[in-house]
Every structure is written in structure tokens, then in C-alpha cells.
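J.: Chain by chain, the residues:
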Amino acid sequence: MTVILPAILLAAAGLLLLLLRLVNLKRDGVALGVALGGLAAAALALALIRPPAWGLPYFDGTVTLDPAGFFLQFVVFGATALVLLLSWDYIREGGWGMTEYAALLLLATVGMVFLIISTDFLSLYVGLETMALASYVLAGYARGEGRSFEAAMKYFVLGAFSSAVLLYGISLIYGATGTLNLIETARLLPTPPGKLYLAGMVMVACGMLFKVAAVPFHLWTPDVYQGAPTPITAFFSIGPKAAAFAAFLRIFSTAFGTTAREWSILLGLACVLTMVAGNLMAIVQDNVKRMLAYSSIGSAGFVLLGLLAQNTWGATGVLYYLFAYLFAITGAFSVVLFLKTKEYGGERVDDFRGLSRRHPWIAFAMLVFLLSLIGVPGTAGFVGKFFLFGGAIQGGFILPAVIGILMSAVSAWYFFRLVVNMYIAPEEPETERRGWPVVLAVGVCVAGTILFGLWPMAVTRFLLETPLLAR
Amino acid sequence: MTVHALFFYLFAALALLGAVGVVALRQPIQGAVSLLLTLLSVAALFLLRGAEFLAAAQIVIYAGGILAIFLFAIMFVAYREEEKRRRWHPQWPAAVVLGLGLAATLLAFLLRPALGVPAGLGAAQAAAGGNTEALAEVLFRTYLVPFEVISLFLIVAMVGGILMASWGVKR
Amino acid sequence: MITATHYLVLSACLFGIGAVGVMVRKNLITLLLSIELMLNAVNLNLIAFSHQWGDMLGQVFAIFVMAVAAGEAAIGLGIITAIYRNRGTVEADQVRGMEG
Amino acid sequence: MKEYIYLVPLFPLLGFLLIGFTWSRMPRKWVSIIGCTSVGLSTVLGFGAIIDWLLTMGSHHPFVKTLYVWLPLKTAVPLDIPFAFQLDALSALMVAFVTFVGFWIHIYSMGYMAHEEGYNRFFAYLNLFMFAMLTLVLADNFLLMFVGWEGVGLCSYLLIGFYYQEKWPADSGKKAFIVNRIGDFGFLVGIFFIATHFGTLRYEEVFAKLQADPGAYLGVAGIIALCLFVGATGKSAQLPLYVWLPDAMAGPTPVSALIHAATMVTAGVYMVARCNLFFRASPTAMAVVAVVGALTALFAASMGLAQTDIKKVLAYSTISQLGYMFLAAGVGAYAVAMFHVFTHAFFKACLFLGSGSLIHACHTNDIFEMGGLKKVMKTTHWTFLFSTLAIAGIPIWAGFFSKDAILASVFAFAQHHHGWAYLLYGLAAVTAFMTAFYMFRLYFIVFHGEYRGHGHPHESPRSMTLPLQVLGIGSLLVGLVGVPAVISHLFHVPNVIEKFLHPLTPEVEGLAETTFHLSDSMEWILIFGSILIACGGIALAWWLYKADPEWKRIKAFTAAFPRLHKTVFNKYYVDEFYDATAVGGTIKLSKASAAFDQGVIDGTVNGMRHATVGTSLLSGFFDLRVVDGAVNGLAWLNKFCGDLFRRVQTGVVQNYVFVFALGVFLSLGLYLLLK
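Protein chains in written order, with the numbering used here: chain A, 1 to 471; chain B, 472 to 642; chain C, 643 to 742; chain D, 743 to 1417.
No wet-lab data here; the hints were simulated from the structure.
Wrong hints could be hidden among the right ones.
Among the chain A residues that face chain D by a calculated CB cut under 10 Å, a handful are [claimed, not checked]: (1) LEU25; (2) GLY29; (3) GLY33; (4) TRP220; (5) LYS340; (6) ALA412; (7) ILE450.
Don't be surprised by glycine CBs; every beta carbon is placed ideally from N, CA and C.
Same shape as in the complex, but just chain A (with noise of 0.2 Å):
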């Protein structure tokens, strides 16, 4: 009971929330309140279960809270509160009611939850389809502008679809293996793999790399983070991908472990294409949103590098990588959404000229957030990648790894275009003043990027001594 109870207390806070709406009690404040309450009791929750609960099967195998587990649900718990607090203006502004955004967001960070700390095939897909279908809505929100259903259905379409060929592909896993568990499959794995778990694995793969946006699956994501609500892009761009890179790890190594021989062909394949792919598009992009949703492609293929390696670092980059992200890329998106003014303010290359004049201390932050995402040392970006690209280096993949360095190396190319029109470029009119929850998501972005740059002693440490994943 105490490994789901941080899920049963969100659960209970967003039923709350979907409660007040029949009521009509749909005060923007309260909703905001109990919704940062109910994380903040679940965060609670989750840091007092001890070291003896985890790693253990609960509720006959189908979730098991370990480290990996354990570190991840604090991520998506932390994007979830940014993105509340980010949304404080734009939902106002829109005039959309905090109190059904608020709830469909706690219900979708239920199936992450799931998602993270499934350990069966039936378990993680009904998490992972709890989190899409409230995805679908989220990205629909913006009411009223067409672009914003537009997200809505490409991502509906796409996502129903890959989840069909998830879907069809754990079920010739279980086919091949007679068991739902993760666990259990990675037991009774036939040896050599046959026909029937190739086309399962292949065709989980795919599913899975749609999730995590790797190129060739990417094509929704650029459409849908530009369409969708700019708080919502910055909640698809960390909690959905990092709870899916929790799956996914899960999947490919505990349960396919045996077999990475096979299935590193195809990852190792997707993650080149991604990771070059997604960081030269964003080059062309003057969108800024457009061009974060390429560059966070970009970093979906770092992250499989560290899936790739099978190893210590690698896994230990893949938590470290999402954890730095978390602040970098929702810091960015709440630059750009203070910067929001008219319509789609901020989100032109342009609208950045001259910040360092008008709002120093925001430029500041934004320059923290992009030399994270570029990974330049003394930001907790380049701890991650440290252990990406050193995890790939040990575990033999050498080339992806220097293609990803040398990608990470363009990235500073695309990124810089706004550090140059920040800093160097002619000032524009005054923008005016944000509400504090914006700021304070600013702030705790910033912090955390420079803390964890200078000091990822305590978390590196954790995931360095105990074995990640329950096998």
C-alpha cells in the first residue's frame, strides 16, 4: 500500500478538484492550492517510504518501487509543480478555469506514476494510456485557438496509433514468453530470442520510441508543442518523456536485458537519426517553441545513448540527463512564457532582442537554462551528459557517442541565436510584469540548474551505489 500511496494521494487531490468543479467552487486559487498541496503530500508520501520497501514486488509483481523508480516520480512530481505554477497566467488570461486543468494534470501524474514503477506489461500500459489521454485534452486546452486542437488530434491520432503497435507488440511478447511480468520475461526469455519476440520487441521499440519523440517517430512533436498551451509544451517536454524513458528502461533492460545484443541495433540506429536529426532542424526553426521541440528530440537521442550502454553510467546519466532537464527546459519555456504578452508573444526568435536590457535577471536565467541544455560545465546539464556520453564510451558505442558530442556541439549553434538576440541586440518596447508564480518557477529552475552543477555529489552519489532496477 505505502508504494502507491503517493499515486492514491493524487489521485484523491485531483477527484477533489473534479469534485469542486461540480460544486461549482471554481475559485483559480484554490485549485492551484490544493493541486501544489496534493504534490506536495505525495512528494512527502514517497520520501518517507525507507530502503526496506523498495525493490520488493507488490500486489503480485505488477509494481515494484526501486531507486530508478523511486528518483523519477520526484521529477515528475517537480515538472507537475512547475507546470502549475507556470500556468497561473496563461490559464487567467484565457479564462479557462484552474480547476479541471489542475486535476486532468494530477490525473495525468497518476500515470506516470504508473508508468514509472509498473513492472508489468499490463500495469505500464494502462498508466501510460491514463497519462496520454490526459495529455490529449492538455494539449487541446488553449481553447479557442485552432492551433491548440490541432495538437489535440495529431497527437490523439499519432499517439492512438503507436499505442496500437505497442499494444500489438506486448502481445507477442506475450506470446513469446507466456508472462506479463518484466521480470518474469526477462526469466523465461526464449534463448536464442525467436521469431515471435523479435517482431514483439521491434514493434515495442517503436511504440516506446514514439513516447520518448525519437526520430523516426517524431513527426508529432514539433506540431504538437507549438500547438498546444506553452505550459503544457513544457510539461511534454519533461514529465511524459522522462516517465516514458522510465518504461523504457524498464522494458529494454530488465526485461529484454538478456537480448540487448539484438535490440541495440535498433536503438543504436534511432539514436543517431534522433539525436542528428532533431538537432539540425532546429537550426532552421525561428519559432522558439518549435525550435525547443526539435532540440528536445535532439536530447531524447542523448538519452537513449545512456539506454544504450547497458551500464552504471549510462543508466545513471539516463536519470541524471532528465533530472538537469527538468529545470533547463521548463525554465526555458517559462521565459518564453514571460514573455508572453500578445497573442503568441515570445515565441519568435525576435521577441528575445534585447531581454538582457529590459528584464536582466530573466536573461540571466534563460542564459543558465541554454548553456544547460548545450551542457557548458558548472550546470547540471553537463553532469547528465557527462554520464551519457562517458556511459556510451565504456559500454563500447563509441561512435554514436562522438556524433552525440559533436551534436551537442551544434546545439550551441541554434541556442546561441537567442543568447545573441538577448545580448546583443537592440532593444524592443517594455514587456509587462508576470504574476509571482511565473518568477518563482524562474527561480526554482535557476537554482536548481546551478545547484546541481556545482554539487551533484548527493544525487549521483544514490544513483550510483544502488542498483537502479529491479530485476
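Assemble the complex: chain A is given as a structure, and chains B, C and D must be docked to it using the hints.
T.: Okay, now just chains B, C and D, sitting in the frame of chain A:
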């Protein structure tokens, strides 16, 4: 050829026919009826594999529930203008080739799976005292947590569906 | 003798037809119907394997798949309604404000 | 006092934070005080720490001050990467001149930037740079060095783009940053190889492992060395990544003096010297370093011959001198390379500051709009002359000793080991001749003859001339710490620097050696030879530019070879080549992949529909609309073209599904083929 096999081929053919109908027929409403054919045939196929509960659920949930929503939506939005437009996206020849290719590659993997003699459901069902009981055993014991989560999922679906359907008024 | 392979062949065909439907149909509702075809293919697999292995896992999974299909249909039709009201069309290729 | 070594980089950081985060609200006077004091304090503290360390531990034992554990590499505790600073011979030398020269350049900036907008920003960046540079040199592990390495790159970028109203500086800043990133990429790959093969990144541990069993690491050491060298070529502007440095002159002159002459650009040499054990394990790597160094020296010097922008002349001479340093490192004379880094910092900083003083006075960078300034700017004149004599290699000035040491080392290397290195000696000698020539060309054009500009040039303020005097005297004296062996025997003055840096290059069985001996007579011959070369260059400059006030001779020469002059003046069109290939190529590639995403896939899809008549007809049977269209042939064609054009910019969900399905299909097919 046993009766069992005869039934299998009959329903398989009907299912495929319905599926082709969904893709090829002009009107969405025709497609929905076509899908009904497939759904019922698949339900029959479930029965042939000893999944009685599933067959019933297929008819109730799918044919009864989901398809009803579809018909509702079709009535609401898409009835009138359909005739004037092309029904297929211009990429259709390539898509058909690809779809056939996909099915063919899948078949290449699936045609000779290393599967032994089927165990049949007899033992499992006998132990629990019937198909539905055996199912409930697994569903409410092993998969209790996902079962609870799926209820959240349905809440999200309900709330989301209502929200989305109530939006979209032109500004 | 009808074996699991028969079911697999049928399900692969259904899956392929469903995929073709998603790729070629412009009407969003028909597109959703095609996705249901793909999910049915999955269920056929699950039932066949359930019979093969002699356990109930596949059948339980199939129930969940049905529930998910129901939820997806609800959301999908909600989205379609919203788009219809917003743009006056339910054709997938008419909805394209963003590209590149 | 050495315990407080961490304060040396910390003071400038504090200065940066203080100035930076009050933005433009702090008055200039306070900014000057904070900016200069912070660096002054680190200078004093740095020297204090070095002296304390020398007295208590001696130069053979490095002193390490660990602040806290930064990053673990393995689960085992001893292999953690600390945030720690290390004081040894090499870092002591670097700290000494970085803080000293840096301090005087800060003082100079007070005068130079007095009338500029963004005074606060400038000092904030300058202090941040000092922090990064000192972190770079004091780091006790590769990762921390990389922190400083990226930090100096960032500051260099910010400072080059300082005049952001103009487009050129902004572009140059970006160029510098990107070229540096390419170099950093090599460095980072090298670091990862070290981490994987040695399991640690601390210098002490890595080099101890390498020394203990060089044979075990021979193969990988060469790869690591080459990766690191890629990083060095980026930061230290060597072939082929030198292109950013001349453009970096768009920044304010004190920046050129500090970052692009005295300190940051020498970081590559420092790094190679630091990692000399890797390089010595691989003769190939050493040869690469030496050849790249020699070629860069010659190439850059030849480009300096025809420049008219005073700062560009100095920029090319910097590249050329850096080439010299790498040449020395490539033949194994690491101490000599560092010696040249040391002397170069003084005379090149002095030259740049002098040029700043000239620009300040004449408001132009063009040397042909100066002239005759000898009389009006006395201090600037004599300090500039001193440093010019130093770089030309005239005895007793600093550059002579270090340059002669390099030439001698190359010669000795050729004599003892590889005959082909005589060729390098030849290149270096030609470069020395060119250097003397173009530097004195500059000197004669600027200070002699008649004033050709407008306005009334005047001597610069005291805050600018004082640093000039200090560095001018420095360029006369600092060479005395490294006198050649023969002179050291003759006058009984020790070669201090060589002794001091001796622990840097331990003799290890199986690795290339680092000290060579020449016979006394040979050494004398080489010394006189290099003096002769320098004098020859000066004489030619004198003959062309001083003895011939109308410059008839040189004009006749350029008229005779117009194409040669044009090619040299345009820097051999290397920038144009890069723009056309590397930069253009990447943009094209990204455009192409964008087009692929949007167009090609969709185009293929549509192509399959439209290209074949058969398919079109088939679709016509099924689709009334197409049949209708086909009847109105022209209308159909029209629509088809528009359709196709529109389709290139997709955004249609079915196309996305198609690509998805294609991905699944290809992945399945891949495994079908593999099995």
C-alpha cells in the same frame, strides 16, 4: 475439416470483409456498420478460443457501447458534406502498399512461431470453476492496481470528452 | 486443426488493414474506426496466446484493451467535435495550421 | 598562505558577482575599484601562495587544495572528482603571469574604456574571465580544467561581441564560440577516453598510472593525445581552426591583449604541456603537433605581411607565435614552449596595449592613417619599440631567449632523432625572418615618417601608460630567467625556468625524452644565426619603409605581383572556403533534413501516386473527383501542381502516420534481413 475450422474460416472471412469495408466504404456510417460486422465476427472467434466472457464483453462494450458513441458522433458532425469530397488521402496507393508490406513482414515473423501444443484453458478454468471466475481471479487479485487505475482512466476520458466536446466554439 | 498461427495470420491482416485505414482515410471518424480495427487485431492475438499458454492473462489484458478503446473513443470523438465546431470540417488533412 | 589558493580565482568571481548583479546601477568609480582590486588581490595572493609553496614544499611536490567532492566516477570513493586546485610548477608559472598581466590590463582598461558605454558590463565580463582562466590553470583534474576551458570561451564570446550595436562584432563572437566548440568537442572526447581507460580524471592519478606502466596505454594514449590536441588547436588558434582569432579583434583592445594574446589562447599550449606524458607516448601525436605548429607559424606570419589593420597584424603574429610554442611542444621541449608562453605574454600584451593607445589617439585601426607618432607619443613609442624588439628576437630582449631556445630545441631534435625535423627548423627560421620584417614594417609605418591621419594625436592618460611601461620593461627583462646553456656557462647565471619546470616532464622509460644537448659550438652558431635572421628582417623593413619615405620599392613590388598580394591580403581565402564548405554545408544539411522531413517523404508518397500514369488511372477509377478532374485536363494539372507544392510543406497527420508505419516496417524488415 472440422466444424471448428469451418467456423473459424467463416468468421475470419467476415471479419476481414468488415475491415475492408471500414477502410473502403464512402460514408462513415457505412464504415461503422462494417465495423460492427468485424466486431461480431471477432466475438465469435473469441468464443471459439474459449473466451466466453470476452465474447460477451466484446458485444456489450464494443458493439453496444463504443459503436454507439461513434454513431452519435457521426450523426452530430459528419453526415452532410461527405459526398462532395474525396474520401482518400492522395497518399493512398503508397499507403496500401505499405500496409500490405507491414502485414507481410509481420506474417514473415509469425508464420512459424516456436509454439508447442496449446495448453487450452481447461485446467485454469476448471480450477476456478468457469471462465468468468478464472478471469475474475486474475483480474481482481493480480491486476487489482491496474483495475483501479483504469477507473481513473475512464474518469479522465469522461471529463476530457465532455470538456473537449463543449469547447471549440469559434471566437 | 486451428492453431494459434491461424489467429496470428488473421490478426496481422486486420492490423495491416487498420493501419491502411489510418493512413488513407481523411474523415477523422473513419480514421478512429480503423484504429479500433488495429485494437481488435491485438485482442485476437491475446486470446489466441491465452489459449496457447492456458492462462487468463491474455483475456484480462483484452478486457483492459477494450476499456482503453472506449476511453480513447470518448476523447477522440470529443476532439473531433471540438474541431468540427472550430473549423467546420472533420477531414484530417484540412486541419493543418502548423508545418515545417 | 598556500592554503588559500582557492581564493585566487574566487576574488575575480566575487568581483564579477558584485559588478554583474548590480547591473548598471553601480557608479563607475566603484566598478573600477572593485574590478581592479579583486584581480590585484588575487595577484598578491597568488604570488604569496607560490612563494609559500616553494619555501615549504619545494617545486617538486604539487600542493592540492580540495574544496569539496564534485563528481563521482565510480562507486568507490577514492575515484571521485573533487573541486580542487593544484599548485605545481606549471600552474604556478601560469598563475604568476596571468594574474600579473591581467592586473595591469585591468588598470589599463580604466583609461581605455573610460568613455565607453557598458563600462560595468565590460569589467564584469573581464573579472569573470579572470575567474575562468585561473580555474583552468589551477584545476587539479581534467573536468575542472574543462570548466575553465568552457568559461574562458564564453567570456571571450561575450567580450568579442561587446560592441553589440555593430553586426561585425556580434558575428565574430559567434564565430569564435562555434569554432571553439568544435575544438572543445575534441577535448571532451579525449576526457571521456581518459575517464574510461584510467577510471579517474585527476592529473596526479592519471599520470601516475601512465608512468607506472606506459606500455599498457601506448595505443590509447596516442588517440587521447590527438583528441586533446584538437581541443588545443581550437583554443589556441592553430591550423585549421585559427580563423576565429583575427575576427576576435572586433572586441575592445584590452580584451585582445588579455584574452587573445596573453592568456586564453595559450591555454592550448598549457594543456599540451600538462598532458605531455600522453603526447610523449605517441611519436605520431608529437609529429602532428610539431608539423601543425610549424605550418601555422609560417602561414600566419605570411598573412601578417600585408595587413593594414594594426590589430590584425598583431593577431596574425599571435597565431604565428602560438605555432612556435606548439612546434616546441611537438619536439618534446615542453619547458621551452612554456617559456615562450611566458615571455610572449609580456611583449604581446604590451604590443596590444600599445596599439590600443594608438587607436585611442588616432581613432582608427588603419596603420596608413597613422605615422610619425614617435614624437607625440613618447611612452607608447618606446614601449612599443621594446616589445617589437622582443618579438623580433633581438638579444637581451625577452623574445630572443625563448625563440632561440625553440629553434635550438628543434635543431637538436632533428640532430638526435628525426632528420625530417630539419625541415621544421627551416620553416621556423623563415618565420622568424618574416616576423622581424612585418613587425618592423608596422613600427616604421606607424611611428616614423609623416602623420597621415586627421585630428591631433596625443599621449594617452596615465592609467594607460603605466601598464605600458611595466610591460615594456617586462619584455626587456623576463627573458633573463631562461638563458641558453652556453651563456649560462659563460656568465654563471642559471637557467631558472628550465630548472623550475623540470618536474613537469619526468623521464620515463618508453616515453619520448624531453631534453636535448647540443655541442657548444653548434649552439653558438644557432644563436648567431637567429640574430642574423632577425636583423635581416629588420633591415629589409628598414630598406623598404624607412630608407624609402615614398615607399616606391614596395609599391613596385606589389604592382609586379598583384595576385600574390591580393591572395595574402585576403588571408588565402580560408574564411571564404569555410563559409562555402563547413558552415554552408551544415546549414544545407539541416535544410535538407528539414526538407526531407517535410518534403521528401511526402513527395515520395505523392510521387508514387502521381508519377505513374497507371496509378493515377487506378485512382481515377475509384475516385469520381479525379475522373472529373481528368476531364478538365488543364484544371487538373493546375491543381496537381498546386497540390504538390502545398504538399511539400506537410503538416498533415496522415503523412505522419505513414512515416510512422514506414518506420515500423523498416525496423521489422531490418530484423528480417538480419535473421
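J.: For this structure, which hints from the list above don't hold up?
T.: Those not satisfied are hints 1, 2, 3, 5, 7.
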